[in-house]
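Enquirer: Protein sequence lines, in the order shown, are assigned to chains A and B.
Heads up, the first sequence is in numbering that gives the first Met the number 0, so the first residue is 0 and it goes up one at a time.
Heads up, the second sequence is in numbering that gives the first Met the number 0, so the first residue is 0 and it goes up one at a time.
There's no promise every hint is true.
[Unchecked claim] Beyond 12 Å from chain A on every Cβ pair, some chain B residues (computed): (1) Gly20; (2) Ala143; (3) Lys165; (4) Glu217; (5) Tyr247; (6) Glu258; (7) Val266; (8) Gly314; (9) Tyr330; (10) Leu337; (11) Asp338; (12) Leu342.
[What the hints assert, rightly or not] Mimicking DMTMM-like on lysine to aspartate or glutamate, the simulated pairs with C-alpha atoms at most 25 Å apart in a straight line are: (13) B:Lys279 / A:Asp13; (14) A:Lys135 / A:Asp13; (15) B:Lys390 / A:Glu40; (16) A:Lys44 / B:Glu372; (17) B:Lys69 / A:Glu40; (18) A:Lys48 / A:Glu31; (19) B:Lys153 / A:Asp13; (20) B:Lys230 / B:Glu201; (21) A:Lys161 / B:Glu427; (22) B:Lys424 / B:Glu313; (23) B:Lys264 / B:Glu392; (24) B:Lys45 / A:Glu31; (25) A:Lys167 / B:Asp54; (26) B:Lys24 / A:Glu162; (27) B:Lys79 / A:Asp43; (28) A:Lys49 / A:Glu114; (29) B:Lys55 / A:Glu162; (30) A:Lys161 / B:Asp54; (31) B:Lys390 / A:Glu108; (32) B:Lys78 / A:Glu162; (33) B:Lys79 / B:Glu50; (34) B:Lys153 / A:Glu105; (35) A:Lys161 / B:Glu21; (36) A:Lys10 / A:Glu108; (37) B:Lys69 / A:Asp148; (38) B:Lys390 / A:Asp45; (39) A:Lys167 / B:Glu149; (40) B:Lys51 / A:Glu40.
Hint data in this document are derived by calculation from the structure and do not stem from the laboratory.
C-beta atoms are modelled at their ideal positions from N, C-alpha and C, and glycine is treated no differently.
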Amino acid sequence: MSKIFKGNAWKYGDNIDTDVIIPARHLVTSDEAELGKHCMEDIDKDFVKKVAPGDMIVGGENFGCGSSREHAPIAIKGAGCSCVIAASYARIFFRNAINVGLPIFECPEAAASIETGDEIEVDPGAGTIVNKTKGKTFTVAPFSPFLQDLIQQGGLIPYVRKELARRKGA
Amino acid sequence: MGRTLASAIIAAHSTEAAREGEICKVNVDFAFANDITAPPAIVSFKEMGAEKVFDKERCAVLPDHFTPNKDIASAEQTKKGREFALSQGMLYWEVGRVGIEHAFLPEKGYILPGDIVIGADSHTCTGGALGALSTGVGSTDLAAVWALGETWLKVPPTIRVNYEGKRPAWVSGKDMILSLIGRIGVQGARYMALEFGGDGVEALPMDDRFTIANMAIEAGGKAGLFVPDAKMLAYANARAARKFSPVYPDADAAYFRTETFDMEKMVPVAAMPHSPDNVKPVRECGSPEIHQVFIGACTNGRIRDIAAAAKMLEGKQVAAGVRCIVIPASYEVYNQALDMGYLRTFTEAGAVVCTPTCGPCLGGHMGILAAGERCVSTSNRNFVGRMGSTKSELILASPLTAAASAITGRLTDPRDAASPDFFKKLEEE
Ligand code: SF4
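Isolated chain A, as found in the complex:
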């Protein structure tokens, strides 16, 4: 059974770029806790003071556009967020989030309806996002079988470890 995420929403707009998620001046480390201290600071300077463990970031279209920095999903994890909900994601951010184990959900309806402060429950197993404040439930389309398999194996790192072992044995 997969874990259910419970928290409050922090809502931002379309095209939230990786430069505001974690500004380049902080890219002198890849430490999760350290990066987490500066998460979102160029768009919302008090974000890290306001966010509580388990809270979710909610974005519009093209969330995570811009640079390829894996530090962006790492910073979101470091800030204590449980997941991200957005209408759509930029391609590299999408891959990075899956690779570093930041749960992300693509759901335009949920992203449009949720407002900052709303109480949210996400059940990844059931594929549902519940906005408890507004009393609305949304369904999330499942990932492609390939990605589901990758996630089930625990992400890219265990996948590669297995593949390397297979090659050694072969």
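Knowing the structure of chain A, use the given hints to seat chain B with the ligand on it.
Expert: The following block gives chain B with the ligand in isolation, referenced to the frame of chain A:
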């Protein structure tokens, strides 16, 4: 229906059918990281239990972002990439030899027509100017490529972009790509490839093609590819570090959509703060006052860019109160500019010339902006805070527009800073 260039390259690297939308395992020809993205890739590489990179002639680390090291933290970070690269025996070039990865690797013949190239940097799409499917990923994805020599790619739909007609001398590759981004938006090509063609492309110099491919990501694109032609193959053949086989799209390729531009009608444009798709003709931007000009980055730090800026600045002076910072993207460019006397032209005009590095492009060093300052930059992103203070502003434009603006101290269309004779001469050279 036939294959687009992106789909044909994926098919050539995969055992799967590689139909549009399918996720395919592909062999990778070249894989690299920089001083910022290498350290997390190395951590992932070790966690994967990998010992050796799949091929040391096809894996590289390039210290180009915060180098020469701007502070202690960046020195520690660069050191990690250096030590790993040297211990693996993989490709590594030290400060003093290296350049900005996306300028340097094509110059040295490591990115070639028909290749699949994976870089832990979003502007890896620059390699598309060489007819390669070259795309950016994060550090863990890159580590997997270093370990396995393969990755997964979804076969993207392709937007075909045709540039038709004769290009006026005041229009550069930068104006061509900004015009496209202005038209389709920062997510207009999300999850897609861009394929550039049209009869106006044949005469387009390689340097302008690199600029165009470089900014595919600013439209959300996975890659921006040029179809191999005589000019591209001549460039690749003169530099190739290994064998390559060019790949072409089918004549009946199925495109998601086609965008066409009449180049005769194109004008110098600028992307105003704070988005690369906030594009307007320079003459319609209201000539805002500026404090800094930056000419460089993987977008526009090549020799034709430096030459255009130098010719515009020749015999002129940078306006009082304006800092003009010029950073050639590699030592090949730097030395050519030195031989041609361009570096002297810059310093006589009161501009600063720095050693090849990303520098201020991502707000690293060598030209950070204070609150309230405005900069015309030839780089590719004008997000909030990209070059320094979150209260500064960045305007993206071509090297000609940037140099013209340095002279007047305001955002200026190059046609308003130089005579028609200037452009006639520029065209002839
Ligand atoms: S020049 Fe700028 S855009 Fe290009 S690689 Fe460096 S930081 Fe990135």
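Enquirer: The structure should be examined with respect to each hint, and the outcome stated for every one.
Expert: A quick look at each hint next to the structure:
At roughly 9 Å from the closest C-beta of chain A, the C-beta of B:Gly20 falls inside 12 Å, breaking its exclusion from the interface. Look at B:Ala143: its CB is around 5 Å from the nearest CB on chain A, not clear of 12 Å, so calling it non-interface is violated. No Cβ of chain A comes within 12 Å of the Cβ of B:Lys165; the nearest lies about 34 Å off, and the non-interface call holds. Against chain A, the non-interface label of B:Glu217 is violated: not every CB pair exceeds 12 Å, the least being about 9 Å.
With 12 Å as the threshold on Cβ separation, the claim that B:Tyr247 sits away from chain A holds: the shortest Cβ distance comes to roughly 25 Å. No Cβ of chain A approaches the Cβ of B:Glu258 within 12 Å, the least distance being about 19 Å, so the stated non-interface status holds. Every C-beta of chain A lies more than 12 Å from that of B:Val266, the closest at about 26 Å, which supports listing it as non-interface. Taking the minimum C-beta to C-beta distance to chain A, about 37 Å, the non-interface status of B:Gly314 holds against the 12 Å cut.
The claim that B:Tyr330 is not at the interface with chain A holds, since no C-beta of that chain comes within 12 Å of its own (minimum 24 Å). A cut-off of 12 Å between C-beta atoms confirms that B:Leu337 is not in contact with chain A; the least separation is 30 Å. Residue-level check passed: B:Asp338 sits 33 Å from the nearest beta carbon of chain A, beyond 12 Å. Distance to chain A confirms B:Leu342 as a non-interface residue, since its nearest Cβ pair spans about 27 Å, more than 12 Å.
Using a Cα cut-off of 25 Å, the hinted pair B:Lys279 and A:Asp13 holds, with the two alpha carbons roughly 21 Å apart. The suggested pairing of A:Lys135 with A:Asp13 holds, with an alpha-carbon distance near 22 Å, which does not exceed 25 Å. Note on B:Lys390 and A:Glu40: the hinted pairing holds, with a Cα-Cα distance of about 13 Å set against a maximum of 25 Å. A threshold of 25 Å between alpha carbons decides the hint, and for A:Lys44 with B:Glu372 the separation of about 20 Å falls inside it, so the pair holds.
The hinted pair formed by B:Lys69 and A:Glu40 meets the criterion: a straight-line CA distance of about 22 Å does not exceed 25 Å. A threshold of 25 Å between alpha carbons decides the hint, and for A:Lys48 with A:Glu31 the separation of about 16 Å falls inside it, so the pair holds. Restraint check for B:Lys153 and A:Asp13: satisfied, since their Cα atoms lie roughly 24 Å apart, inside the 25 Å limit. The hinted pair formed by B:Lys230 and B:Glu201 meets the criterion: a straight-line CA distance of about 8 Å does not exceed 25 Å.
Only pairs whose Cα atoms come within 25 Å are accepted, and A:Lys161 paired with B:Glu427 is rejected, the gap being roughly 59 Å. Restraint check for B:Lys424 and B:Glu313: satisfied, since their Cα atoms lie roughly 13 Å apart, inside the 25 Å limit. With a C-alpha separation of about 29 Å, the suggested pair B:Lys264 and B:Glu392 falls outside the 25 Å cut-off, and the hint is violated. A distance of roughly 17 Å separates the Cα atoms of B:Lys45 and A:Glu31; the hinted pair therefore holds under the 25 Å criterion.
For the proposed pair A:Lys167 and B:Asp54, the alpha carbon gap of about 16 Å is at most 25 Å, so the pair holds. Between B:Lys24 and A:Glu162 the alpha-carbon distance is near 13 Å, which keeps this suggested pair within the 25 Å criterion. Proposed proximity of B:Lys79 and A:Asp43 is contradicted: the alpha carbons are some 32 Å apart, above 25 Å. In summary, the hint linking A:Lys49 to A:Glu114 is supported, as the alpha carbons are separated by about 15 Å, within the 25 Å threshold.
Restraint check for B:Lys55 and A:Glu162: the C-alpha separation of about 20 Å stays at or below 25 Å, so the hint holds. For the proposed pair A:Lys161 and B:Asp54, the alpha carbon gap of about 20 Å is at most 25 Å, so the pair holds. Straight-line distance between C-alpha atoms of B:Lys390 and A:Glu108 comes to about 33 Å, which puts the hinted pair past the 25 Å bound. The suggested pairing of B:Lys78 with A:Glu162 is violated, with an alpha-carbon distance near 30 Å, which exceeds 25 Å.
Only pairs whose Cα atoms come within 25 Å are accepted, and B:Lys79 paired with B:Glu50 is accepted, the gap being roughly 16 Å. Taken as a hint, the B:Lys153 and A:Glu105 pair is honoured in the structure, with Cα atoms around 17 Å apart against an allowance of 25 Å. A C-alpha spacing of about 23 Å is found between A:Lys161 and B:Glu21, which places the hinted pair at or below 25 Å, so the restraint holds. Between A:Lys10 and A:Glu108, the direct Cα distance comes to roughly 14 Å. Compliance with the 25 Å bound is thereby established for this hinted pair.
For the given pair, B:Lys69 sits about 42 Å from A:Asp148 by alpha-carbon distance, which is inconsistent with the 25 Å threshold. Taken as a hint, the B:Lys390 and A:Asp45 pair is honoured in the structure, with Cα atoms around 17 Å apart against an allowance of 25 Å. Our distance criterion of 25 Å between C-alpha atoms is met by A:Lys167 and B:Glu149, whose separation comes to about 16 Å. In summary, the hint linking B:Lys51 to A:Glu40 is not supported, as the alpha carbons are separated by about 38 Å, beyond the 25 Å threshold.
Of the hints listed earlier, those the structure fails to meet are numbers 1, 2, 4, 21, 23, 27, 31, 32, 37 and 40, in rising order.
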